[in-house]
Structures are given as C-alpha cells and as structure tokens.
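Peer 1: First to last, the protein sequences are chains A and G. According to my numbering, numbering within the first sequence proceeds without interruption in unit steps and concludes at 446. According to my numbering, numbering within the second sequence proceeds without interruption in unit steps and concludes at 758.
Worth flagging that the hints you see were computed from the coordinates, not collected in a lab. From a predicted model like this one, the values you see are computed outputs, not experimental measurements. Where is the CB? At the ideal position from N, CA and C, for every residue including glycine. Keep in mind that the hints are not guaranteed to be accurate.
Unchecked claim - Facing chain G, from chain A, some residues (calculated, C-beta under 7 Å): (1) His84; (2) Ala216; (3) Ala239; (4) Met286; (5) Ala304; (6) Thr314; (7) Thr440.
As the list claims (entries may be wrong) - List of simulated lysine-lysine pairs, DSBU-like, C-alpha gap at most 35 Å: (8) Lys109/A <-> Lys299/A; (9) Lys10/A <-> Lys71/A; (10) Lys699/G <-> Lys359/A; (11) Lys359/A <-> Lys512/G.
Said to hold, decoys possible - A short list of chain G residues far from chain A (calculated; beta carbon distances all over 12 Å): (12) Gly458; (13) Ser467; (14) Lys527; (15) Ala592; (16) Met643; (17) Thr666; (18) Ala720.
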Amino acid sequence: MALSGVEIFKHLPKTNCKKCGHPTCLAFAMKLAAKQASLDACPDASEDAKKLLGAAAAPPIRAITLGTGDKAVKVGDEICLFRHEKKFFNPSVFAVAIKDTEAGDAAAKKIEAVKTSEIDRVGQKLRVEAIAVIETAGDPAKFAGVVKQVVDGAPGVPIILVSKNPAVIEAGISHCADKKPLIYAATAENAEAMAKIAKEKKASLVVAADGLDALAELSEKVKGLGVEDLVLDSGARKAKDMIEQYTIIRRAAIKKGFKPLGYPIISFVGRDDALSEAAAAAVGVMKYASIIILNNVEKWKMLALLSLRQNIYTDPQVPMQVAQNVYKVGDAKESSPLMITTNFSLSYFIVRGEVENSKVPSWLAVMDNEGLSVLTAWAAGKFTASKIAQFITESGVEKNISHKELIIPGYVAILSGSLEEKLPGWKITVGPREANGLPTFLKARA
Amino acid sequence: MALTIPKETYSGKIYNVQLGSGAKAVTIGGASALPFLSFEGTFPNRPAVALEVADIAPDDWPETLKKAIGGVSANPVQWAKFCQEQGADIVALRLIGTHPDQQNKSPEEAAKVAADVAAAIDIPLVILGSGHAEKDTQVLQAVATATRGKNCAIGKAVEENYKTVAAAAMANDHKLIAMSQLDVNLAKQLNILLSQMGFDKERIIMDPMSSALGYGLEYTYSVMERIRQAALLQNDPMMQTPIVCDIGANVWKVKETMAPDAEAPEWGGLEDRARAWEVITASGMLAAGADLLIMRHPGAMAKTKELISELM
Chain A
1 MALSGVEIFK HLPKTNCKKC GHPTCLAFAM KLAAKQASLD ACPDASEDAK
51 KLLGAAAAPP IRAITLGTGD KAVKVGDEIC LFRHEKKFFN PSVFAVAIKD
101 TEAGDAAAKK IEAVKTSEID RVGQKLRVEA IAVIETAGDP AKFAGVVKQV
151 VDGAPGVPII LVSKNPAVIE AGISHCADKK PLIYAATAEN AEAMAKIAKE
201 KKASLVVAAD GLDALAELSE KVKGLGVEDL VLDSGARKAK DMIEQYTIIR
251 RAAIKKGFKP LGYPIISFVG RDDALSEAAA AAVGVMKYAS IIILNNVEKW
301 KMLALLSLRQ NIYTDPQVPM QVAQNVYKVG DAKESSPLMI TTNFSLSYFI
351 VRGEVENSKV PSWLAVMDNE GLSVLTAWAA GKFTASKIAQ FITESGVEKN
401 ISHKELIIPG YVAILSGSLE EKLPGWKITV GPREANGLPT FLKARA
Chain G
447 MALTIPKETY SGKIYNVQLG SGAKAVTIGG ASALPFLSFE GTFPNRPAVA
497 LEVADIAPDD WPETLKKAIG GVSANPVQWA KFCQEQGADI VALRLIGTHP
547 DQQNKSPEEA AKVAADVAAA IDIPLVILGS GHAEKDTQVL QAVATATRGK
597 NCAIGKAVEE NYKTVAAAAM ANDHKLIAMS QLDVNLAKQL NILLSQMGFD
647 KERIIMDPMS SALGYGLEYT YSVMERIRQA ALLQNDPMMQ TPIVCDIGAN
697 VWKVKETMAP DAEAPEWGGL EDRARAWEVI TASGMLAAGA DLLIMRHPGA
747 MAKTKELISE LM
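Construct all of the structure, not just a fragment, from the sequences and the given hints.
Peer 2: Now the structure itself:
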C-alpha cells in the first residue's frame, strides 16, 4: 500500500544532508510519496527503510517484460481500474498460439502472420507482439522443434512456452534461454520444478490455478521459491468469468494492495469460431488482461482488436491527434471545396465522416493544434487567423486547387475578416457550426 | 495471506424500462452493479439488441450490409418481419426518409409506416426520427400518436427539441430516448430538463452518443463508465436510466466497413472485417454498461447475442 509523505519521512535519516538533491528529508519524502523520486538517491537510508519503502513503493501490479531487444514488450504496472481515472499504461499483448502438432507449414504460416501483422493507425504502429508455443503431444523433442522454428523464423519476437510438464519446458527453453521467455505454467503440482527452471533461465513464470484463492496461495508459494516476475492465470475462459475474476484481481491489487495478486493477467481466449474469439479477446482488452493468447491472428480480426486496444489505452487527458496535412476526401479535383478543421482526432473523424456522407469530393485541411477541438483551439489562441494563414500558405494546397476559397468552421466565423486580410486574394466562407450540417451545406454548393 | 473479495457497495440501481407488451415484451435495465459483476449485484435483464430498419431503401448502406439483409430493404414491413425472424429482441425503425435532404417524407407518411411496422411484428418497436431536430418534432408527434398503445421507445429527444418530443411520448404512453453529446454532465442535464417538464425519469432511455470502433469509441466508453458509476456508486437518480447505444449508424459509415479487399489488403477480407467492426464496437459498449444496442447486420447481432449469453 502506498505510504504518505509523512510516513515515509519517519524512516528517512532526517539529516537534511541534501545529497539526494532535495533541500530537506521531508521534501524528499514528499517526492517519494508522489513517486517522483527513488529511494536510491538517498545514500544514508537504512536497510530497514529500504525494505519497507521498497515494498510500499513497488507498483501495485508488477511490471513484467517479455522478450529482449527492440521487440520486447512490457506489461503490468497499472494503477487504476477505469481509464478515466488516469489511464491504462501498458497495452495488452496479443500472442498467437502455435501447437506442437502444427510444426512445419502450419507453424510457418502463423509465424509469417505475426511478422506481417503491423498496421499503422493514427500515427501508431500496432502489431501482434508475441508467439505462444503450446505443447499437446507430451513430447519434449517435438515441442523444442517448434520453439526452434519460431526462434529462427521470427527472430526477437517474445515467446511464451506453454506446457505443464517441466521436462517439455526444459527442452523448449534451451532454444530461447537468453530471450526472456514467459513460461506457462507453474501449478500446485509442478511449482518447485517450474520455479527452478524460471530462476535458472531468468524467465518469467505464469502461475495457473483454478480460482482466485488457490491462485493467490500459489503465487505466494512461487514467489517464496525465488521467482518474482510472475503472471496470473485464474482459469477464466468464459467472458463472464474473465470480467469477474480479472476485476477482483485488479481491485485486490490496486485498491487493497494485495500483493499475491499484484501481477499481470494472461488470458486464453481461443475459440473455434474466429469472430467469437475476437469478441472474447475484446473483453480481455477492456477488462485487464495483459497477455491475450489467440488461436489465429487473421488480419481482419487483428485490425479490430488492435484498434480497440489503441482506443482503450489512449490517454484520456491527451487527445488523439491526426497528422497535420491537407487530406483528399473522395475523388477531389482542382475545383473541389477546401475546408479546414483542427487535428483533434474526433473532430477530424466526424468532419471527414460527414464530408464522405455528402458524397461531395473535397479537400480537408487539418491543422496541428495539439489535438484541441476547434473552439478550444480558438480559445487557446492556437487556431488564429495568422496561424491558419501560415498553415494554408505553407501547406502548398494552392498547387492542387484552381480556386482560392477556404471554408472555415461556423464556430470561428469571427475569424473570417482577419483571415481575408492575412490571406490576400482568398475568399473565406463560413461553414456550418456542427459537422452534421456539412452534407446539406456541401450539396447546396455542388 | 488470504484473499478477501474486494466488493463495491452500490447504493443505486438502474431503472427497469419495459418496451412492448405481451409475451414478447422486453425489459431493459435493472442492474444493481457495474456491468456483469454478478458477485456483487444482480442483473435481472440481459442487454437487448435491436436490429435497424429504415423507412426507405437506404442508398448509403454498404454492399456487405445490403447483402446481409437480402432483398427486403425496400419494404419496411417485410424488413421488420425479417429482423424478427433473425432473432432481434426489438426492431428499431429509423425514419430517415423524412429528412429534408432525403425524401422529405411527411409526418403522415412516416406515421403510416410506423403503424404498419408495429402491426406486423410482435416484438417491441423503437422509432427514431431522421436526426433533423426540427423536422423530428412533427414526425415523432405523428408517429407517437399512430403507434399509441404499443409501448414503443421514440426519439431522439435532443436539447433543441426535447419538449415536443417528450410531450408526444408522454401523451401516447411511449418511452423516450434522450440523446446528449458525449458528455456526462450534458446527459444528466437533459434528464433533469425532462424531469422538470414532468416527464417520468423512469421512462427515459439515455443515449450518450455512440461512436464506432477506431473512431472515438473510447470517448463513449468512458462517458458511459462514468454515468454508470454515478448511478450506482453515488446513487444519482438522474443517471439511473438505462443506456442505449446506436452503433449501427456509426459503424457502417467508416472505411473499415466499406473498403473493398483490393483497396486495403492489409486489413483482411471486407465481409469478416465489417461484421467484426460492429461486433467489437458492440462488445465495447456492453462492457461499459449498454442496456440496449441498435445494430444493423443480422450476423453481427447474432454474434453479439452470443457474447451477451456468455457474459450473463
């Protein structure tokens, strides 16, 4: 549980030596409480203080990194239950499951699907991040063969090794021991053996149990065996159980500081039907699953799931932004109308949608206003006549159009006079106040 | 360390709102906890799914969608029956043909379509105007009278026209869909205004303004989560109305549901992609607390109902 600044202060040396870079121990304590400083900065902190404050300062949900190098992904380290409270930090990782029986062509196809999964959405690159190799045949050599195929075929992609048989994991991990794989899973039956492997190979380890009480007990036990990078599987497979159990895990960790459940969650959402699998995965994205294992990663499925993940993990305080540009909507020609709006993604999407609805091909100038909506940007002095004029002039849009007319949002009609002054030779037309007025407005002109 | 299940204490509850009558009547709302958390509350009604029908053959619906509906889209009555056969809980008739930019159909014409559709089905009916605030006042008034006794939900009442639309619903014993613009306070404000004019708040279904996956879904999602928290945790009576999400209209105009395979090879096949777009949008709204979804694709609806069964 988080300690207050005053509580932390009690455990500091109280020498006000300034070696930590803060004027007093109390000031340092306040920074520690706000998680803006680390206790490491204090050279004189006692071992007891380090232990106590270290435990209190640890994030309520432990951060786990899968893999190494530039394809490594971090999960966990979340601090809230609802995105509007702050934000969700580390997006759910999607992994495709490859069964040991799929060795060869089937596995190669899935590996290729992962490698070509990257899409670009609102300026972010999104992809399937990991591959899970699943043991079904009980044969260590067969399992190791697929692991090798994955390591060779998708270099650097984080691997999840799935088997409850320690001998199988031993065989598989020999091909990726230095790649920080995730082992699935330690159970009540094999905890010692799995913990030993994870510890030796510095791998992360899933603890899997049926139900939350057994899970908490097992994670304590495995931690006691010296493995700290843990991931949880409560056995939830049905959407209902996922929402309920994941909510309890997240609440217990964040609101109660219950350490045995303070780890990221792994969710197996495999379904025979691809769309059902997508729907279950969507529930996982929204409700706290950090690693989601899918049977297949079809392009259409991943487009939907990656978009959902991007939506849910967007910072609610920082509006999504669209790149500044003059966008072509429909088959815009030289004579097509030119409109301007700000680069708040929602403004852009709504305006663009309505222009598309109108079926009048158009040019849409989107100006970088740090993601503010039209009125807010105007009020903040970021959507002014001179800034708009500069953008229009520098955008080079004049080369694409044969006219010099700019349509501005009705809410900033007040700018039309000064814009005509700043953009000599241009005609400024005031458009509708709301985007939904655009189809009527555009059709009337066409 | 033993785990004590951390439960929330809820002081509020969502109103039960019944639509239609008889054996096929549908009640939505009634939740006493955040969505699907049965370990700390009860959910007497599962979220309902309505399939949308338009009064005129919609020319702006993508091909994938038209194909899924088959040849009934020129006839709203047959279309509504088709929706019922497909397993929709409710039919949502959108009178898009009354929009001045469409066919500018008269309120009388709209009233006839609504009455005919209502007579042809035994599942409940939601009736939506064209979204033209001014025209909707006349259209919805005529429609409400023509479907009196059917216990429909009519809408959408918005800031500009709520008085007339609510009066029409009240005079003809219908429920009311009230839409605000993606803002917790505006949603509450509209419910307060409606209550002040004497409209029973327990007959309102609130529309927080939907958005499609990838196109602002997160705004609707968080507004809904906040509305539901205010309703249940802060016991705010003005927030305790069930929530409707009108998703089909948003989903089926984005590029992802329209771009052919050749245009976007990296997006996968159009048919799967488009259907998934509506299902995943629906899953988002359900997780955030939707009590009623208005959808367009019968296959997407069926899959969404499967998900609802898995969540209950």
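Peer 1: So, for every hint listed, does it hold in this structure?
Peer 2: Hints, one by one, checked against the model:
Using the Cβ-Cβ criterion of 7 Å, the hint placing His84/A at the interface with chain G is satisfied: the shortest such distance is roughly 4 Å. Taking 7 Å as the C-beta cut-off, the interface hint given for Ala216/A holds, the closest approach to chain G being about 5 Å. A least Cβ separation of about 4 Å between Ala239/A and chain G falls short of the 7 Å threshold, and the interface hint therefore holds. A hinted interface residue such as Met286/A counts as satisfied when its beta carbon comes closer than 7 Å to some beta carbon of chain G; here the least separation is about 5 Å, so the hint holds.
For Ala304/A, the interface hint holds, the least distance from its beta-carbon to any beta-carbon of chain G being 4 Å, beneath 7 Å. Below 7 Å, beta-carbon pairs count as interface contacts, and Thr314/A has one with chain G at about 5 Å; its hint therefore holds. For Thr440/A, the interface hint holds, the least distance from its beta-carbon to any beta-carbon of chain G being 6 Å, beneath 7 Å. For the suggested pair Lys109/A and Lys299/A, the alpha carbons sit about 13 Å apart, so the restraint of at most 35 Å is met.
The straight-line distance between the Cα atoms of Lys10/A and Lys71/A is roughly 42 Å, outside the 35 Å bound, and the hint therefore fails. For the hint linking Lys699/G to Lys359/A, the alpha-carbon distance of about 12 Å falls within 35 Å, and the restraint holds. A hinted pair counts as satisfied when its Cα atoms are at most 35 Å apart, and Lys359/A with Lys512/G qualifies at roughly 19 Å. At roughly 17 Å, the least C-beta separation between Gly458/G and chain A is larger than 12 Å, which holds for a residue marked as non-interface.
A cut-off of 12 Å between C-beta atoms confirms that Ser467/G is not in contact with chain A; the least separation is 31 Å. The claim that Lys527/G lies off the interface holds: its Cβ sits roughly 26 Å from the closest Cβ of chain A, which is beyond the 12 Å cut-off. With a minimum CB-CB distance of about 27 Å to chain A, Ala592/G clears the 12 Å threshold, and the non-interface call stands. Every beta carbon of chain A lies more than 12 Å from that of Met643/G, the smallest distance being close to 25 Å; the non-interface claim holds.
Interface exclusion of Thr666/G from chain A breaks down, the closest Cβ pair being 10 Å apart, not more than 12 Å. For Ala720/G, the condition that its CB be more than 12 Å from all CB atoms of chain A is violated, with the nearest at approximately 8 Å.
Violated hints, listed in ascending order, are 9, 17 and 18; each of the other numbered hints is respected by the structure.
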